[in-house]
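Chemist: Heads up: the protein sequence lines correspond to chains A and B, in order.
The first sequence maps to residues 1 to 243 in my numbering.
The second sequence maps to residues 244 to 500 in my numbering.
These aren't lab readings, by the way, just hints derived from the structure by calculation.
Any given hint could be a false lead.
Here are the simulated lysine to any residue pairs, SDA-like style, with alpha carbons at most 25 Å apart [as the list claims (entries may be wrong)]:
| id | chain 1 | residue 1 | chain 2 | residue 2 |
| --- | --- | --- | --- | --- |
| 1 | A | Lys5 | A | His31 |
| 2 | A | Lys92 | B | Leu261 |
| 3 | A | Lys75 | B | Gln491 |
| 4 | A | Lys92 | B | Leu270 |
| 5 | A | Lys203 | A | Glu219 |
| 6 | A | Lys123 | B | Arg406 |
| 7 | A | Lys92 | B | Arg262 |
| 8 | A | Lys92 | B | Arg406 |
| 9 | A | Lys34 | B | Leu466 |
| 10 | B | Lys330 | A | His31 |
| 11 | A | Lys75 | B | Val338 |
| 12 | B | Lys330 | A | Thr57 |
| 13 | A | Lys75 | A | Gly223 |
| 14 | A | Lys123 | B | Arg258 |
| 15 | B | Lys330 | B | Leu270 |
| 16 | B | Lys317 | B | Arg251 |
| 17 | A | Lys243 | A | Glu219 |
Here the structure is a predicted model, which is why all the values come from computation and not from measurement.
So the chains spell out like this:
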Amino acid sequence: MSENKHIVLELTEVSLSYHSARKTFDRGRHHVLKDVSMQLYDGETLGIIGRNGVGKTTLLQLIAGILAPTRGQVKMHSGKCASLLTLGLGFKPDLSGRDNALLSAMLQGSSRQQATSFLNDIKEFSELGDSFTEPVKNYSAGMRSRLAFTTALMTHVDVLLIDEILSVGDAHFRGKALTAMQSRITGEQTVVFVSHMADQVEKMCDRVIWLEDGHIVAEGDPGEVTSAYAESVARAHNDNMAK
Amino acid sequence: MPLLHYLRLIDIMARMGLRADATRFFLGYIWWILEPLLWVGIFYFVFVTIMGTRGPDFLMFLATGKLVFVWFSKSVTQASNSIIGAKGLVGKINVPKTLFPMAVVQEGVYRQAAVFVMLGIILIINGYTATATWWYLVPLMIVNYVVIVACAFVGACLVCLARDFAQIISLGMIFLMFTSGVFFDVRALDPEKTKLVLDLNPIAFLLDAYRQIMMYSTAPDMLHLFTIGVGFGVLLCVMVLFMRRRSQYLALRALTA
Numbered sequence: 001m002s003e004n005k006h007i008v009l010e011l012t013e014v015s016l017s018y019h020s021a022r023k024t025f026d027r028g029r030h031h032v033l034k035d036v037s038m039q040l041y042d043g044e045t046l047g048i049i050g051r052n053g054v055g056k057t058t059l060l061q062l063i064a065g066i067l068a069p070t071r072g073q074v075k076m077h078s079g080k081c082a083s084l085l086t087l088g089l090g091f092k093p094d095l096s097g098r099d100n101a102l103l104s105a106m107l108q109g110s111s112r113q114q115a116t117s118f119l120n121d122i123k124e125f126s127e128l129g130d131s132f133t134e135p136v137k138n139y140s141a142g143m144r145s146r147l148a149f150t151t152a153l154m155t156h157v158d159v160l161l162i163d164e165i166l167s168v169g170d171a172h173f174r175g176k177a178l179t180a181m182q183s184r185i186t187g188e189q190t191v192v193f194v195s196h197m198a199d200q201v202e203k204m205c206d207r208v209i210w211l212e213d214g215h216i217v218a219e220g221d222p223g224e225v226t227s228a229y230a231e232s233v234a235r236a237h238n239d240n241m242a243k
Numbered sequence: 244m245p246l247l248h249y250l251r252l253i254d255i256m257a258r259m260g261l262r263a264d265a266t267r268f269f270l271g272y273i274w275w276i277l278e279p280l281l282w283v284g285i286f287y288f289v290f291v292t293i294m295g296t297r298g299p300d301f302l303m304f305l306a307t308g309k310l311v312f313v314w315f316s317k318s319v320t321q322a323s324n325s326i327i328g329a330k331g332l333v334g335k336i337n338v339p340k341t342l343f344p345m346a347v348v349q350e351g352v353y354r355q356a357a358v359f360v361m362l363g364i365i366l367i368i369n370g371y372t373a374t375a376t377w378w379y380l381v382p383l384m385i386v387n388y389v390v391i392v393a394c395a396f397v398g399a400c401l402v403c404l405a406r407d408f409a410q411i412i413s414l415g416m417i418f419l420m421f422t423s424g425v426f427f428d429v430r431a432l433d434p435e436k437t438k439l440v441l442d443l444n445p446i447a448f449l450l451d452a453y454r455q456i457m458m459y460s461t462a463p464d465m466l467h468l469f470t471i472g473v474g475f476g477v478l479l480c481v482m483v484l485f486m487r488r489r490s491q492y493l494a495l496r497a498l499t500a
């Protein structure tokens, strides 16, 4: 599907490993990603699926330029910027939801005026009401994730990187969040979407990459890849039960 | 990140840090003034009431030294832990890593402004006069600020590389407090030792300069001050370059080490 589209981002044989303070594996060396190569095309929604701890978030961090690969190359098409959309951009619990939202927006590059103009939308969408001006430490977990999701939603970037974001809040807010997310994804926005939930990925993505133990196992049509992934998860589960 | 946006962010992060701090305490912003006043109160109690041998001059001598030293030690110690303390953020966006120590230092600047005003008032109440020599405080404070920022950057990087440095830095601050003449007059030592301490320890020189200006209306050794400013200014630039070029490396260390 994507042959005639422009490549926005390219990863060539990317590996990432690091030394940890405690000598556990391979003399304390952890290998998070091993020889991962992939391309991202303009306007597509790419899903990355895999169990917890296989390197999905690290892959996003490499794409966003937060981390640099130990080996290999991450090449972003010039003039484009990628931003990672994750929950709870390091909230300061003693500050109000409003202050936290303002700070998050400014850290992601909005000017003070822009950030201030977002605040009303954020207050409204998150349905926090008067709690918006209360310290975040008094929030319930649901309120916190509502604030986090809404703040994240306001960022405007060329490549949107979404990390396990749609498991937030109660059923009502989750539905609303999903709709808001989908309306952004279906537009011209280029998206990389990470999840361990096969059905979400299948519904939202044009193309899927299955990551296992730091490398790519399968890549292609969402239906095929996610069902192969779901089978493997079920098999692993059955094996565990048998033991 | 454009410079203007970077500076705005430092300012807003510092203000929010102060606000967060104030909401934590019942007395809020009053602590800005109360803390240094309590320091002076403790010194008064120990050195004037209990030991009884020293007069109010010594009290002012201690207050000047201690309140200036705390600016340095608190800023550097807190800034050292600032990058790993912002782990949640560091793993989510690629921002300049200097932002975190700078915000902490800026917080200290706002606090210290109140402390300096109070120190000036206490000195004047105690019979010292604010002369034209006090203008020397301007270059002195600028150099002091440069020293703090440079040390804050070094500390923040070291703690990223290994958490153990946090321990060493806080111990180092105690060592520095005892060797910088907070509690004794470096000029009361043998002339040779005085020279040695002032030459080797820039903090001792800075503390002494504040006292010379504010208590004795004497101009500091400007060449010495200038040398410290240039030395730490160069260190600061080197650190900024390092932290820019190794931004992703520092992020990895902060997230994993």
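Chemist: Each hint should be assessed against the structure and marked as holding or not.
Modeler: Structure-based check of all given hints:
1. The suggested pairing of Lys5 (chain A) with His31 (chain A) is violated, with an alpha-carbon distance near 33 Å, which exceeds 25 Å.
2. For the proposed pair Lys92 (chain A) and Leu261 (chain B), the alpha carbon gap of about 12 Å is at most 25 Å, so the pair holds.
3. With a C-alpha separation of about 15 Å, the suggested pairing of Lys75 (chain A) with Gln491 (chain B) holds against the 25 Å cut-off.
4. Taken as a hint, the Lys92 (chain A) and Leu270 (chain B) pair is honoured in the structure, with Cα atoms around 20 Å apart against an allowance of 25 Å.
5. Distance check on the hinted pair: Lys203 (chain A) and Glu219 (chain A) sit about 16 Å apart at the alpha-carbon level, within 25 Å; holds.
6. A threshold of 25 Å between alpha carbons decides the hint, and for Lys123 (chain A) with Arg406 (chain B) the separation of about 39 Å lies outside it, so the pair is violated.
7. With a C-alpha separation of about 11 Å, the suggested pair Lys92 (chain A) and Arg262 (chain B) falls inside the 25 Å cut-off, and the hint holds.
8. The suggested pairing of Lys92 (chain A) with Arg406 (chain B) holds, with an alpha-carbon distance near 22 Å, which does not exceed 25 Å.
9. For the given pair, Lys34 (chain A) sits about 56 Å from Leu466 (chain B) by alpha-carbon distance, which is inconsistent with the 25 Å threshold.
10. Taken as a hint, the Lys330 (chain B) and His31 (chain A) pair is honoured in the structure, with Cα atoms around 21 Å apart against an allowance of 25 Å.
11. Restraint check for Lys75 (chain A) and Val338 (chain B): the C-alpha separation of about 19 Å stays at or below 25 Å, so the hint holds.
12. Note on Lys330 (chain B) and Thr57 (chain A): the hinted pairing holds, with a Cα-Cα distance of about 15 Å set against a maximum of 25 Å.
13. Distance restraint check for Lys75 (chain A) and Gly223 (chain A): the Cα-Cα separation of roughly 28 Å exceeds the 25 Å cut-off, and the hinted pair is therefore not satisfied.
14. Restraint check: the Cα-Cα separation between Lys123 (chain A) and Arg258 (chain B) comes to about 22 Å, which is no more than 25 Å; the hinted pair holds.
15. At roughly 30 Å between alpha-carbon atoms, Lys330 (chain B) and Leu270 (chain B) are farther apart than 25 Å, so this suggested pair is violated.
16. A C-alpha spacing of about 23 Å is found between Lys317 (chain B) and Arg251 (chain B), which places the hinted pair at or below 25 Å, so the restraint holds.
17. Distance check on the hinted pair: Lys243 (chain A) and Glu219 (chain A) sit about 31 Å apart at the alpha-carbon level, beyond 25 Å; violated.
Of the hints listed earlier, those the structure fails to meet are numbers 1, 6, 9, 13, 15, 17, in rising order.
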